[in-house]
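Next come the chains, spelled out residue by residue.
Number of protein chains: 2
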Amino acid sequence: MTKKFIKLKSEDLSEWYNDLVVKAELADYAPVKGCMVIRPYGYAIWERIQSFMDKFIKEKGVQNAYFPLFIPESFLKKEKEHVAGFAPELAIVTIGGGQELTEKLIVRPTSETIMYEMYKKWTQSWRDLPVMMNQWCNVVRWEQRTYLFLRTTEFLWQEGHCAHATDQENQEMVQWALNLYKKTYSDLLAMYGVTGIKSETEKFGGASKTYTIEVLMPNGKALQAGTSHDLGQNFAKSFDWSLQDQNGDKLYPYQNSWGLSTRSIGGLIMVHGDDNGLVFPPQIAPTQLVIVPIPGHEKAIKLANSIFDQLKSKYRSQIDDLAGETAGFKFNKWEMKGVPIRLEIGDKEADIDSAVVVRRDTLEKQTVKIADLEKTIDQLLIDIQSNLLEKHQKFTQDNTFSVDSYDEFKKIMSTTRGFISAHWCESADCEAKIKEETKATTRCLPDGQKDEAGVCIHCGQPSKHRWLFAQSY
Amino acid sequence: MTKKFIKLKSEDLSEWYNDLVVKAELADYAPVKGCMVIRPYGYAIWERIQSFMDKFIKEKGVQNAYFPLFIPESFLKKEKEHVAGFAPELAIVTIGGGQELTEKLIVRPTSETIMYEMYKKWTQSWRDLPVMMNQWCNVVRWEQRTYLFLRTTEFLWQEGHCAHATDQENQEMVQWALNLYKKTYSDLLAMYGVTGIKSETEKFGGASKTYTIEVLMPNGKALQAGTSHDLGQNFAKSFDWSLQDQNGDKLYPYQNSWGLSTRSIGGLIMVHGDDNGLVFPPQIAPTQLVIVPIPGHEKAIKLANSIFDQLKSKYRSQIDDLAGETAGFKFNKWEMKGVPIRLEIGDKEADIDSAVVVRRDTLEKQTVKIADLEKTIDQLLIDIQSNLLEKHQKFTQDNTFSVDSYDEFKKIMSTTRGFISAHWCESADCEAKIKEETKATTRCLPDGQKDEAGVCIHCGQPSKHRWLFAQSY
Chain W
25 MTKKFIKLKS EDLSEWYNDL VVKAELADYA PVKGCMVIRP YGYAIWERIQ
75 SFMDKFIKEK GVQNAYFPLF IPESFLKKEK EHVAGFAPEL AIVTIGGGQE
125 LTEKLIVRPT SETIMYEMYK KWTQSWRDLP VMMNQWCNVV RWEQRTYLFL
175 RTTEFLWQEG HCAHATDQEN QEMVQWALNL YKKTYSDLLA MYGVTGIKSE
225 TEKFGGASKT YTIEVLMPNG KALQAGTSHD LGQNFAKSFD WSLQDQNGDK
275 LYPYQNSWGL STRSIGGLIM VHGDDNGLVF PPQIAPTQLV IVPIPGHEKA
325 IKLANSIFDQ LKSKYRSQID DLAGETAGFK FNKWEMKGVP IRLEIGDKEA
375 DIDSAVVVRR DTLEKQTVKI ADLEKTIDQL LIDIQSNLLE KHQKFTQDNT
425 FSVDSYDEFK KIMSTTRGFI SAHWCESADC EAKIKEETKA TTRCLPDGQK
475 DEAGVCIHCG QPSKHRWLFA QSY
Chain D
25 MTKKFIKLKS EDLSEWYNDL VVKAELADYA PVKGCMVIRP YGYAIWERIQ
75 SFMDKFIKEK GVQNAYFPLF IPESFLKKEK EHVAGFAPEL AIVTIGGGQE
125 LTEKLIVRPT SETIMYEMYK KWTQSWRDLP VMMNQWCNVV RWEQRTYLFL
175 RTTEFLWQEG HCAHATDQEN QEMVQWALNL YKKTYSDLLA MYGVTGIKSE
225 TEKFGGASKT YTIEVLMPNG KALQAGTSHD LGQNFAKSFD WSLQDQNGDK
275 LYPYQNSWGL STRSIGGLIM VHGDDNGLVF PPQIAPTQLV IVPIPGHEKA
325 IKLANSIFDQ LKSKYRSQID DLAGETAGFK FNKWEMKGVP IRLEIGDKEA
375 DIDSAVVVRR DTLEKQTVKI ADLEKTIDQL LIDIQSNLLE KHQKFTQDNT
425 FSVDSYDEFK KIMSTTRGFI SAHWCESADC EAKIKEETKA TTRCLPDGQK
475 DEAGVCIHCG QPSKHRWLFA QSY
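Quick note, the sequences are listed as chains W and D, same order. Position one of the first sequence corresponds to residue 25 (our numbering), numbered consecutively onward. Position one of the second sequence corresponds to residue 25 (our numbering), numbered consecutively onward.
Just to be clear, a hint being listed does not mean it is correct.
What the simulated footprint calls covered on chain D by chain W, stretch by stretch (three residues with Cβ under 8 Å from a Cβ of chain W suffice, anywhere in the stretch; the number is not a length) [claimed, not checked]: (1) 111-124; (2) 131-142; (3) 162-170; (4) 413-420.
Hints are computed from structural coordinates only; laboratory data are not their basis. It should be emphasised that the depicted structure is a prediction, and the values quoted were computed from it without experimental measurement. Note that the Cβ used here is the ideal one computed from N, Cα and C, for glycine as well.
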């Protein structure tokens, strides 16, 4: 039955994903290579992520602003590691207003350079700190192959950029942003992520330290789902941005930047979806509840409409009472769309003032009296949200392996994959060889990882703690 | 006193505007030619415009979505008049991912072409209509000279794009959008605008008809403040987008597009500001109320803080109790920032449980008992909003001249300027000559303009009705 709609997740994750994103009308391939169109059903998810995060961002005192799309080529070159990291991915404007430009303009891949040039202009002394700004915008990083939401040339994100008088405030902000991401994933998207620090090789170009949240996908690959960068004084020094401190001495501000993108929607789809389609946690679901009266059942259609009128102000609800589709087709369609709760009402139910309530995550059904509907729905919305988070947390834990032999490491990475917790000597050389031989990269040194004497899984040299490895998206 | 802060509106509007926008920290010039940075105080205004309009857009059933920034050059060329209109203003990406592109990519100046290509892909029959989408995004139209908010290479806007099965629905939507703009200006921004239809010369490239809202600025020039385009079947035919209608016949959808941009913020500043700085209508003001205790007055500072705690959840409020600035400096600063209501509290006021309440629009002061504060503030917020709208409406009416002699037309346009209501034969030739000789263009044929036999102000040929002329921003 469901095969009519989509390919099966259990057979081929990648095909299922591409098929589902398009068929559920979340997004589509744009006629421009590497780009996507975010359709209303997908964009509604991004709007919910925005409003969830924006509230916390504002409460923290970070202010929204908007900086230009175009960055002069010379700006990007001011921080050496930064430009090296982005050079291969740039889209470049060379013609403007019919003329060849004297200085090429980079379509922003991220906005550190243009923002900090302005911060420098706007500040004179320590009194002007902290500067704390965020923007919701589009960025461009050139990609050859499109993977809807997960890897596209243009994507949407927020980028927060703060500058502080002390490193302590800076560190506090870096952790605040990382926690915001963790909260967004767990409380809104019902996704479990491991937070930690990136290796020197994997950190952001120009950062002192990069913190990340890594989310395990059903195929055992890790999705880098949000990053918070401690930039130290690197950019301030590259931009020669110094202020007078309280003693009249020179102060280079301590900076951080942090971003979360529409990529999160790709993770959401992957993690919770099943063979029947999308499964949305109630908190993020654009539609939380759909009411489907059985076509042709007049009494049921009337009852369904009165229930819809009663519930629509409380839950994000829809009613599907259009003719022309069978009940079975409708049920499958709404399952594919991932709506958390479905009410099925036929004349049989209407006769006993009841509805069949189906939860999307487990597909369990129960017949509920109309009078008890709200109570049942309230509880189900909570249960589905927590069930999905628990399920993903369990999946992540079940697929995190503490490994001390390189043979076992290789075997896991060539079969089931997953997170591997293993000792590593922290040399870039071993890291590169492990990647070459297993496709696994260091994902992070997890927060709270205990010191533990050991030897590097690859070279046998002493190691202080276990790192988390995985193949990455 | 105020000269310390800004130049005077009464002396030079343009200098006053540029100075004020930067000093009040609404926006700043970007290091990229033609671009601006929207600073938090300015962006907060845009966020309020967005949330005001987005509610109505969603209620109408128009869905938000996101389409790519880049448009293949070949797409833009599909509608002849459309590409002709935009060709001189394009920013073009020629390099991506380190390689010269085989097809150049246009940075969207507007999104008709890329959106309708997708609409075509997503629809098969009349059942799939209407398609009603909107996006909030950035667009780029190359400019040599920056006028903050009013004319910048990159700006932010919303663009709505709907496609309908009948022209009647299409026309209804075109008017709905125009009315949304009128409502946004009057109810939120306290600005009066004249709505009407554009001449053939002034309409949007590719449109059948363009409807506009024109707002008169203090220097007697008109700002095109929002447009709603009836695209007819022009784009559908250019894109060969046809569907099956109810009888199985070929149907080219009727389309419309409509946009309002950050340019509106420029108009807001111009219209209401005065020699002391910004004047924000309460509905749009990022801060509605500022409480300023006199520095050093301990009892007043304590009272001010308790009032702030009491009012901050009800009004968008700030307290300015920092040391280091005189009371006079603070008053001037908040006047420059345009905050609608200021409470001044010294020990003298504290002793009698009162505050001095100053309204920004008239600078009138009154001493109010703390117990009566909320009542007074509630009324003032209403009064200031309506006073500003009435004032602008009166200004517009006072500067709209019904003119029947070309000498008088020329005289007005070379002195006070303003709207001129004059007969015009509707030939593009006369329109061009009037523009050449007076710098005035046709702004619109106002809604509800009565038929009236007359003769063209320029050539003396018969004319059916008066058009509105003005010099434009």
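A quick look at each hint next to the structure:
{"no.": "1", "hint": "111-124", "in the structure": "holds (count 12)"}
{"no.": "2", "hint": "131-142", "in the structure": "holds (count 4)"}
{"no.": "3", "hint": "162-170", "in the structure": "holds (count 5)"}
{"no.": "4", "hint": "413-420", "in the structure": "violated (count 0)"}
When the structure is compared with the earlier hints, a violation turns up for hint 4 alone.
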